[in-house]
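Note that the protein sequences, when read in sequence, are chains A and B.
Just so you know, we're using this note's numbering here: the first sequence kicks off at 126 and counts up by one.
Just so you know, we're using this note's numbering here: the second sequence kicks off at 33 and counts up by one.
The set of hints was computed from the structure by calculation and includes no laboratory data.
Using N, Cα and C, we set each Cβ at its ideal position, and we do this for glycine too.
Some clues are possibly wrong.
[As the list claims (entries may be wrong)] Covered stretches of chain A, going by a simulated chain B footprint (3 or more residues, C-beta under 8 Å):
#1 161-171
#2 295-307
#3 373-379
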Amino acid sequence: MFEGLTSRFEGILRRARSRGRLGPEEVEDLLREIRLALLEADVHLDVVGIFLERIRERALGAELSGVLNPGQQVVKIVLEELTLILGGETMKLSYASKPPTVVLLAGLQGSGKTTTAAKLARWFKSRGRNPMLVGADLQRPAAVAQLETLGERIGVPVFSQPTDPVAVAVAGRAEAARLGRDVVIFDTAGRLAVDDELMEEVRGISEAVQPDHTLLVLDSMMGQDAVNVATAFHDRLSLDAVILTKLDGDARGGAALSVREVVGCPIAFASTGEGLSDLDVFHPNRMASRILGMGDVETLIEQVETTYDREQAEDAAARMLEGRFTLDDFLEQINQLRKMGPLNSVMKMVPGMSQQMAGVDEALDEGRIDRLEGIINSMTPAERIDPGLIDGSRRSRIAAGSGTQPSDINQLVKQFREMRKMMKKMGGRGPGGRSSKRRGKGPKGGRPPVAEPTGSDRPATKGLSLPGLGDPAEGPGMELPGPWPVN
Amino acid sequence: MSLRSRLGRARNAFSVQVRAVRSVSTVDASTWDALEEALILADLGVSTTADVIAAVRQRADVEAVDEPEVVIDLLRAELVERLGSGDRGLARGGDPSVWLFVGVNGVGKTTTVGKLGRMEVQAGTSVVLAAGDTFRAAAADQLALWGDKVGAPVISGAEGADPSSVIFDAVEHAAAVGADLVLADTAGRVHTQGNLMDELSKVRRVAEKGAGTVTETLLVIDSTTGQNGLVQARRFTEAADVTGVVLTKLDGSARGGIVVAVQEELGIPVKMVGVGEGPDDLMVFDPVEFVDALFELDDDVEA
Chain A
126 MFEGLTSRFE
136 GILRRARSRG
146 RLGPEEVEDL
156 LREIRLALLE
166 ADVHLDVVGI
176 FLERIRERAL
186 GAELSGVLNP
196 GQQVVKIVLE
206 ELTLILGGET
216 MKLSYASKPP
226 TVVLLAGLQG
236 SGKTTTAAKL
246 ARWFKSRGRN
256 PMLVGADLQR
266 PAAVAQLETL
276 GERIGVPVFS
286 QPTDPVAVAV
296 AGRAEAARLG
306 RDVVIFDTAG
316 RLAVDDELME
326 EVRGISEAVQ
336 PDHTLLVLDS
346 MMGQDAVNVA
356 TAFHDRLSLD
366 AVILTKLDGD
376 ARGGAALSVR
386 EVVGCPIAFA
396 STGEGLSDLD
406 VFHPNRMASR
416 ILGMGDVETL
426 IEQVETTYDR
436 EQAEDAAARM
446 LEGRFTLDDF
456 LEQINQLRKM
466 GPLNSVMKMV
476 PGMSQQMAGV
486 DEALDEGRID
496 RLEGIINSMT
506 PAERIDPGLI
516 DGSRRSRIAA
526 GSGTQPSDIN
536 QLVKQFREMR
546 KMMKKMGGRG
556 PGGRSSKRRG
566 KGPKGGRPPV
576 AEPTGSDRPA
586 TKGLSLPGLG
596 DPAEGPGMEL
606 PGPWPVN
Chain B
33 MSLRSRLGRA
43 RNAFSVQVRA
53 VRSVSTVDAS
63 TWDALEEALI
73 LADLGVSTTA
83 DVIAAVRQRA
93 DVEAVDEPEV
103 VIDLLRAELV
113 ERLGSGDRGL
123 ARGGDPSVWL
133 FVGVNGVGKT
143 TTVGKLGRME
153 VQAGTSVVLA
163 AGDTFRAAAA
173 DQLALWGDKV
183 GAPVISGAEG
193 ADPSSVIFDA
203 VEHAAAVGAD
213 LVLADTAGRV
223 HTQGNLMDEL
233 SKVRRVAEKG
243 AGTVTETLLV
253 IDSTTGQNGL
263 VQARRFTEAA
273 DVTGVVLTKL
283 DGSARGGIVV
293 AVQEELGIPV
303 KMVGVGEGPD
313 DLMVFDPVEF
323 VDALFELDDD
333 VEA
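Isolated chain B (complex conformation) (with noise of 0.2 Å):
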């Protein structure tokens, strides 16, 4: 199922402006104008925009071009281009491999463990999660739902535990029954707070005391997220060393653009995106299909 159809419910002012540009005859200075609005709204940040849309005029300069649709081609090119090229597979190797998540609270990591879970053991993977998260009341008891649905054994602590110790338990089971793959869940942190970030530095570090190492940090972000989104990126990246972005609730009317910035500024790439809150809602991120649903969304809805 391709993204963009996942996405036929939003809409936003992003398709607005991008059909008004669509609409005139030759491209002029308000053509510009509108989709530089256009990436502003879609969250790319002021800066990131400016560097796109002179990109882009650039081009269409020298190319000579001043036809509407030929524009947006070259700013889909852009766009996709930004985004990178690099390898969004998610990093096996360890013995086990472990997977940390992390983010700033209520961004969807818990739902995206239990989801990612789903996808891995039905690619025949066998999988722990790890209840890394004792600070939110209950969150150990819903990734056990999870643990549940998508039948795989979840380890956790009392509430209050030292996340690092049940996520170093968590990798000493895998590697006590066989299991390929840790997914480990974290409590959601403000990148503000200092302890908060030296503790997750050390679930990091004592993830791989044992025989686990640590294949990938996955940094979840909501697409609602706006300009704080580059902040937290790189926070975590100094805490944890993220190495991939999972963009969550992209099925809302939010567009997510700051993975552009991400993506350009840390080189952190987008490696999955969440669509929804059902076990089958995450997909891997395709930055072609990324970019023509921030295009074309209008068109199915009128449709």
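Just chain A, same shape as in the assembly (with noise of 0.2 Å):
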């Protein structure tokens, strides 16, 4: 019923792809797309024309690059304002400085608040913390016994009486300044944001106790009604953050996006699942791809990302082996295998590397090559396309730039040479040889097969390869295992 959005994008951008580039006709298709997967999702209708407007913005004005396809490029930044929205500040959760810090919850009836309670409760105690639970739904049969067996379960105790809610929550903060508990947390009565004398009632609740945090407990399941809702709670509460429930399902929950957009106050926790432990602190990350319904877009993220630094290194590795490789490309280089981790561990993955590069190991030192940087930026662009052109009164200038030694110059330059001329030998040597069909850029660009990063089943785009170098399935070959880091 749900498709992704990359693939509703399919049809719409065969035409774009001739061009290169989207129109204003592409873009108002693809946003009618995202239009109807956000309202699928049941993002508030308010909420969706205002973000449409956000996008159409940003997508009109996008560059097309040769890596990614104009549909990837929308889903990617349709998902980064999402994200954005989603994310946005985060809570704070402060304790008060004269304890006990008062967690007031409050909802619907069936968004889950007694469970969120006990689950909020256990999850204070595993920071070390010392919470009560006071049990102020005193509406629903039995919610106070569902409320003090879960505190048995978690071993937190709870406090109620049969009185009135405001008497109970008044009570309940007096009981937990007086064991010294401190964190307490109310369980309220589930209430319709259109009943006024409820939602009084719980405004009473909130002047008497004062909480340091007002938390919003919302069912994921929601549809177009969340935005009146939380408004209405928002109105008279004054939210802090919402906590998202039932997530374990499979709503897309774009209620929470309408929430976040509308009444301004960020998701603190999504509840997970009927266990007790079941509370996460919420990721917008995967909130955002859970409502535009498409599971592996951090795969898609990640493959945008690294394959930008692909290409830079591919064009790199080819100019490399056809002689033509620079300080520049050298420096670039060692940023991108540095990016992966420690330096002399990255080259010890690559087959047949660790001999290879014996001559220029000790330029791999973490510590140099800080230094080593310092030199490279302190050369003129000439000076680093042909380190031959460095004379004495040169080699001064860039040390006294770079804060080295003249000598420290000149090792630069003949390891940089070493190199050079090894990295020709092999160019010279392996199977593929140079080959120029894959400088080809653009979606179809015929990228070359890469082996498979880390036995995952995500694409299999992940890892550097550096052309020319020898086939893997033919001998040692220079693939860089997957995956990078993602900035």
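Starting from the two chains in their separate frames, assemble the complex, guided by the hints.
Structure below.
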């Protein structure tokens, strides 16, 4: 029933592909698909409108790169915007300077307040706090009994008395102070946002206990009404954050986006199961993918990020093998490798590399890389392309600029020459030779087959392949294992 | 008491859109947009909304209608028609009959069992309540309180007991005392959890192992539920042969429009609606009233 956005985009983008850019017409078509996806995910109609406006601006202005098809780019923009809204400022669960820290839970009937109260108490307990639960839901039959059972299960005391909700809350707060509990969580009765009397009652509880954190418990299966509900609760209680429940189902949870956008308070926790430990800190990026119905978006993003690197790297590698390798390329390569972790261990992962690199081994010492970078950055562009230009006076200038000795510069230039010589030799050796076809760009640029990175079932596009250094199937090649760390 | 008068407190954007439509002199493209928005805001879903609007638009074209009131009447008729005309009575015929209540967590199953128990007891039926929710802490206590209130015996097991055996016991008890009807509560379960859905299939099977016959399996859906409601209906039907929907919490600001898609795609009719927390706040579903309540809400509020 739900398709991922990417597949919805296919038809629209076939037109755009021939032109290599998105025109206003395609953007409108894409936006219509995004609108459908968001509405099917229960994002509020008005929020969808606001959101599409933002996407329209960014999509029209977007530059199309060779490695990403326009659809991927728009998906990336949509995800970024969704994540931005869902994330934004995060809730700081601060503790009151004078304990106890008071947490008030409110929401509709059946949203999961009582269970969430217990989960939250358990969460505080696991952080070394001494929470207490107060059962102020005197409405639903046996709600207090439910809370008491749960409290017993997690070893947290529960206070309640059959008076009235405000009185229970006041007494509960006093009891928490008397017992020296440092966090006290109030479970309140479910109420309809349109029920004036009960909404006044919960405001009364709030005024009586002066919560440090007021949390709305919101069912992730909610439809268009989520906005009305959250707004009504916010008006009375001034919410600090939302806890999203029942995320273990397959609801897309667009309500989260609506509420974040309209009410503005962050989503602090997500409840993901019936177990009392199933309460997680909220992940905006996962929620964004979920709303769009895209399971593998993280993979896509990784692919997007790494492909940028790949293109650069392949370019550099090709030039290197043609003997046009410069000090700039050298620096770029080192930086790329550094992103993967400590250089020595990275190089050890490359088949055949440990011997080949013997000559430059000491250049890979982490401490020296910074200096090396300083030296190269102190050179003129011409010097970086042809280090042969560097004479005595240039050498002094570079040494002064990078805070090194002239001998350091000599050493670098010497190492660089050795490396370039070696690369050239290797380039001529492999069966693949230099293959200009691999320089092709664009979505159908004939990406070379790359070894599956780490046994995952993700698309095999994440390794860095240095072309021309031998087919991995036929001998020692240079397949750098992925994944690249994503910044 | 009519549904409409029960819903007088609620208001939402739906009526705002409809009011805007009423205020124009002739129907144009923006009128259709406003009606479409109204249906989406009522949680009918994008595709159902598109179908409904297309059908009404076609009729308006054929009949050459351009007055807003007439168009709204056409829309109203279309929605009523799509809500189905089948029998909404709750079937009996077992000895005893068993009505099973299923649904995701927090939709109001236990409360519905209590309210329906009261209705049936008042109508002279001898009823047994089965506390088949053995998972949620104190769910059996909650049902026991309802039993006291409505004057029906409650059969329950220990917390964590096999729900099938609790319901089986309740059926046996009903048969032994000559009761007519067993209302069987079950634990809320998210429909993606395969083992829990299997458990529900077993509950349904075992309920018929003895003297009883399951004559209704009622899916309880919360009115605030969005598009996931359709998925819920599909999964619960696969697991337990759902025969009808109870739409709860309709006294809030949500409209429960997803039931239109549930009727259309799965042929499962809404049989009852819950409109409050009181023991008498359960009504037989009437599509005309339901649709009228959608359209005339604000007239009540503003009066």
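Right, here's what the structure says about each hint:
1. Note: the stretch 161-171 of chain A has 6 residues with beta-carbon separation from chain B under 8 Å; the three-residue rule is met and the coverage holds.
2. For the stretch 295-307 of chain A, the stated coverage by chain B is not satisfied: 0 residues place a CB nearer than 8 Å to a CB of that chain, which falls below the threshold of 3.
3. Note: the stretch 373-379 of chain A has 6 residues with beta-carbon separation from chain B under 8 Å; the three-residue rule is met and the coverage holds.
Violated hints amount to a single one, hint 2; each of the other numbered hints is respected by the structure.
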